[in-house]
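**Q** Sequence:
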Amino acid sequence: MYTPLYSIVCGVLCLSLAYQIIWSFSTPSPVAAKLLAAVIVFIEWLSLVVTYRLMLHPLSKFPGPFFGKITDWYSIYHCIQGDRHLNFHRLHLKHGPVVRYGPNRISINSVSALQAIYGLQANTQKAEWYTVWKQFFKTDMSMSTIDRKRHAVKRRIVTRAIKSISMKEIEGKILKNVRTLCDQLAAEDSGSDWSQARDMTKHVAYCTSDIMGDTTFSKSWNLLHSEENRDMYYILPRGIGGLSLVSRHATSINMWERHFQIFRPDLVRDTYRYETLSNQTSDWRTAQDNDKYHDFYGSLLKARDPETGNKLTRDERVAEAALLIVAGSDTMATAVTSAIFYLLHYADTLSRLQKEIRDTFETVEDITIGPVLSGCQYLVACIDEAMRLSPGWYPPGTDIAVPHYALHHNEAYHIEPFKFIPERWIKGGLWSEADISTTRSAFIPFGVGRTSCVGKELSYQEMTIIMARIVWLYDMRLAPGSLVGGGHESMGYGRTRSNEFQTWDSFVSTHEGPMVQFRLRK
778 MYTPLYSIVC
788 GVLCLSLAYQ
798 IIWSFSTPSP
808 VAAKLLAAVI
818 VFIEWLSLVV
828 TYRLMLHPLS
838 KFPGPFFGKI
848 TDWYSIYHCI
858 QGDRHLNFHR
868 LHLKHGPVVR
878 YGPNRISINS
888 VSALQAIYGL
898 QANTQKAEWY
908 TVWKQFFKTD
918 MSMSTIDRKR
928 HAVKRRIVTR
938 AIKSISMKEI
948 EGKILKNVRT
958 LCDQLAAEDS
968 GSDWSQARDM
978 TKHVAYCTSD
988 IMGDTTFSKS
998 WNLLHSEENR
1008 DMYYILPRGI
1018 GGLSLVSRHA
1028 TSINMWERHF
1038 QIFRPDLVRD
1048 TYRYETLSNQ
1058 TSDWRTAQDN
1068 DKYHDFYGSL
1078 LKARDPETGN
1088 KLTRDERVAE
1098 AALLIVAGSD
1108 TMATAVTSAI
1118 FYLLHYADTL
1128 SRLQKEIRDT
1138 FETVEDITIG
1148 PVLSGCQYLV
1158 ACIDEAMRLS
1168 PGWYPPGTDI
1178 AVPHYALHHN
1188 EAYHIEPFKF
1198 IPERWIKGGL
1208 WSEADISTTR
1218 SAFIPFGVGR
1228 TSCVGKELSY
1238 QEMTIIMARI
1248 VWLYDMRLAP
1258 GSLVGGGHES
1268 MGYGRTRSNE
1278 FQTWDSFVST
1288 HEGPMVQFRL
1298 RK
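Per this note's numbering, residue 778 is the first one in the sequence shown, and the count goes up by one each step.
Worth flagging that the hints you see were computed from the coordinates, not collected in a lab. Here a beta-carbon is modelled for each residue, glycine too, at the ideal position from N, C-alpha and C. Treat each hint with caution, since some may be false.
Estimated spans, in silico, between C-beta atoms of each pair [unchecked claim]:
(1) 1057 - 1204: 21 to 29 angstroms
(2) 1205 - 1257: 36 to 44 angstroms
(3) 1135 - 1205: 15 to 23 angstroms
(4) 839 - 970: 56 to 64 angstroms
(5) 1193 - 1060: 45 to 53 angstroms
(6) 1218 - 823: 37 to 45 angstroms
(7) 827 - 971: 42 to 50 angstroms
(8) 1193 - 1140: 34 to 42 angstroms
Calculated cross-link-like contacts (lysine-lysine; reagent style BS3-like; alpha-carbon spacing at most 30 angstroms) [what the hints assert, rightly or not]:
(9) 1299 - 979
(10) 950 - 1132
(11) 911 - 996
Let the sequences and hints guide you as you build the complete structure.
**A** In structure tokens:
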């Protein structure tokens, strides 16, 4: 068996031989001698590290990829590729439910691990990954606070802020933007019933971003109407992606910037632009008359720490703004876009959803927040199924984690996991209650326990309104010949299914398409 001592002996012997060869030709200069000494030290250090991590590390008994056991650059590579979620799925298929994917990182693909890791009583804490947010925003946001007591305080403040605003207060802001989206999907006056092809990734993202701006900061980004601020559409995923990369290797922002400025300058640039956007948005809203606006951020401005009675500091406000900007739009955009993609690949499912929505509501303006909309079981099932297949965000590199995509596609919990089957969520159909219970136990699009999203209810209401109004108003079809959004054999592992919506992992998810044509319902 290899040991550190064996590694040292081998390294010294080999390098001593190399040193003798060099001396046999000529006496090395002082610079060459120092360089050779540095090479010897580096190789010996590398040998020690590799041998320890493979043979003697406490996690050495767990299976996993060779390079993943040695270095976190394995994770960085898959972060850059945007296929970390697919790689987790592949690793668990190969190695089983427990996989070592980094020197100090374990992934567990099982329901039992959810409460053990993320539960309120779990004997765990958030990993050092989260400190990168503090480096950038000067303080922790509620999501990134490692100390459990302090996290609980911040979470209570954010929860109260969100729940203090009634849905009826913000419904008008939501409907305004959804109406605009639906109007833009209609056919032009070109003599054809069908519209030109619409890139639904962009249209839906513009809509959810505008909703987020209106409901959170009382400031619309106006992405649906104007191209002026649409660079935000690119800033957010690349900016968050940059922070995700920092967490997996660099110990400081400066080190990260030096590493990635060379081959991913876009990530560096947009990470700082994301920081600037968060600062500007927070400062603008803070400067407004708080009694004039009713929004989530205004409630945060009024909130006080229940222990000290203090309000949030400026840095804390900026950090929470950074979180709200992303959380308020990404999950909904991915879920709605994914649902549209799958409905267009499963015609019977689309027909059933159209019947439910059109039979339930007499006019499109009847589709509002309330029990009638939330009672549309098949609509909610379609959204849940889309989120199972294409989760909107991915677990942020904790030392022990449950990967969403792998869990959502685990055959032990989901029958035919790669098929879009909304019926798996509905009682009284072909699926037994036991099957439905098992499926729900392995469904975590909004996190679980201490990591769960406090805006889950609002997210569902936004998604159901957008989906219901589009389905009520329009017939839709994939643009003839368009394959955008689906997989292809040329795309590599996990991306070969043409009827699977493809996403790229950058902490949030990125995607493109589908290209869809619309016409007013017949």
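**Q** Just to be sure I understand the hint, the distance between the Cβ atoms of residue 1057 and residue 1204 should be within 21 to 29 angstroms; is that true here?
**A** 48 angstroms, violated
**Q** Sort out whether residue 996 lies within 30 angstroms of residue 911, counting only the CA atoms.
**A** 26 angstroms, holds
**Q** Starting from the hint 37 to 45 angstroms, judge whether the C-beta atoms of residue 1218 and residue 823 obey it.
**A** 44 angstroms, holds
**Q** With respect to the beta-carbon atoms only, verify the hint that residue 839 and residue 970 lie 56 to 64 angstroms apart.
**A** Given range 56 to 64 angstroms: holds, Cβ gap about 58 angstroms.
**Q** If you draw a straight line from the CA of residue 950 to the CA of residue 1132, is it 30 angstroms or shorter?
**A** Roughly 27 angstroms separates the two Cα atoms, so the pair holds.
**Q** Are residue 1205 and residue 1257 spaced within 36 to 44 angstroms by their CB atoms?
**A** 38 angstroms, holds
**Q** Sort out whether residue 979 lies within 30 angstroms of residue 1299, counting only the CA atoms.
**A** With a Cα-Cα distance of about 26 angstroms, the restraint between residue 1299 and residue 979 holds, given a limit of 30 angstroms.
**Q** CB of residue 1193 to CB of residue 1140, is that within 34 to 42 angstroms?
**A** 37 angstroms, holds
**Q** Can you let me know if the beta-carbon spacing of residue 1135 and residue 1205 is within 15 to 23 angstroms?
**A** 22 angstroms, holds
**Q** With 45 to 53 angstroms as the target window, see if residue 1193 and residue 1060 comply at their CB atoms.
**A** 50 angstroms, holds
**Q** Do the Cβ positions of residue 827 and residue 971 conform to the proposed distance bound of 42 to 50 angstroms?
**A** The hint (42 to 50 angstroms, Cβ to Cβ) is violated, given that residue 827 and residue 971 are roughly 60 angstroms apart.
Hint violations for this structure: numbers 1 and 7, all remaining hints satisfied.
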